[in-house]
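> So you can see what is in the structure, the chains are spelled out below.
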Amino acid sequence: MRRVAVVGIGMTKIGISDKSQIEMFSEAAMEAINNSAIGPKDIQALFMGNYLGDFEEGQMNMAPMCASELGMTYDVPSVRVEGACASGSVGIREAYIWVASGFCDIVLAGGTERASAMGTSLATRTFAMGSDSRYESFCGATFPGVFAMIARLYSAKYGIPMEKLKEKMAMVAVKNHKNGVKNPLAQFQKEITVDTVLNSFMVADPLQLFDCCPFSDGAAAIVLASEEVAKRLTDKPVYIMGVGQGSAGPLYRQRDITRIRAREAAAAQAYKMAGLSPEDIDVCELHDCFTIAEILAYEGLGFFDFGKGIQALENGETEITGRIAVNPSGGLKAKGHPIGATGAAQAYEIVKQLRGECGGRQVQGAKFGMTDTLGGDLATSVNIIYGV
Amino acid sequence: MAYLFNHRHFYEGLKEGKLLGLVCKSCGKYTVPAKICCAECGSTEIEAVQLSGKGKIKTYTVIRVAPEGFTPPYILAMVELEEGPWLMGNVEGCGTELSDAELIEKNVILGHKVHPPAVYSAGEVVSIAFFLE
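For the protein sequence lines, the chains are A and B, in the order given.
For the first sequence, counting from 1, position 82 maps to 82 in our numbering; every step adds exactly one.
For the second sequence, counting from 1, position 34 maps to 34 in our numbering; every step adds exactly one.
Treat the hints with care, since some could be wrong.
Said to hold, decoys possible - Here are some, though not all, of the chain A residues that point toward chain B, as calculated from beta-carbon distances under 7 Å:
(1) Ala100
(2) Leu122
(3) Cys139
(4) Thr142
(5) Lys157
(6) Ser200
(7) Met202
Since the hints were derived computationally from the structure, they do not count as laboratory data.
Glycine is no exception: its CB is placed at the ideal position from the N, C-alpha and C atoms.
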């Protein structure tokens, strides 16, 4: 396996867009290509994440259209990858393997999504298609509902009164909104308070509106190259140190859903490959689709012990200036969650952090960064560790 | 290798008030709903079994923002069955204005709901429901 480096990144503003998924992806990808000092014709393969393009725009098979839109050549294989909310990271891992294996030298990855086009009711239905359609979806399961059940199980399992847990969960939203203010590409660039969260309407007890990430449109892209090529293209290569991906079945098979086993497996793979441990990570963009989800990730990634995740918030340890900066971009909560693009948007932030290009939200001296992306009902989990 | 029985058989069982699953001849554990192999050990030495349909609520939520085609509020729960496996289902026959953790560890018994064929449903679906004992 060869070493693989990131040589270019690009991302659109996340929010509500009237551009098509292909247009958004092309904007992010062309930025990444220009950022790489290569041209579209140098790219040898494309892996792009997208979850619901069919429901959003009636658009399927958009990967070859994106390749064409960007001016890539006829001999470039282009593939849409779908792993629900983890699609973008699944694509980056695929691209990594193609370059690491020696099959390609330069590969483009990323993702695009236009969730706002569906409206809340259809979006809620189609998002829930990541659940088991034969045995769970027709109970009216929703993603907020799943994480609400996790929050209640977490409260019962660890004996943390719900009132206390809700206050700590709210602190996740407060932190990530505070970070989002410093990110010009974030969907929400506005601070909130614990009361903002606790006074917002109930979506799925105990999760309120501000415990949930928004529906978002946006795209992000990343160009990967072999170490040899990367050294020619950039004097600031950011290396992929380790990758991991895990899989789990429907929720009824997973049972104790306070432990996300697919994530634990993915993170273990990534740490082992990188030769690093959780304490080595300086900055992490993790999957805070709901406030409770960030707390679970603190534990599942090994940053804090199981059942102790809320202490991180009490002590400010995951602030930008804390022991490990978590979601300096604002996370899914404030930066936004353009489903198929989310993993690539996380990679965009980590690469910028490691290059020292994050201005007011820069994590000082960051050397190792990690992305954590969760798809479906805790079913697909991808972790990627980057380093300089 | 064919399924011993599949989701259609499971649905028919629910309609008759039966919770159908598998028991493993190798490890003795139960698998519900059925799968191509034992959910615990992966063995294909399995046989069909009817479970009690009784269990305890481990966690739940009240869905207040629903997918298209569903009318909120309603209760969604995960139940640990007497025999070990967990199932997701709606809790029927009780109100949705609940005090915190009110339903945790409550005993329930199996029911079901029939959903006529709809868009993206691949025909009739029978979903799992529970009633408080």
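> Any hints from earlier that this structure breaks? Give me their numbers in increasing order, please.
Violated hints (numbers, rising): 1, 5 and 6; every other hint is consistent with the structure.
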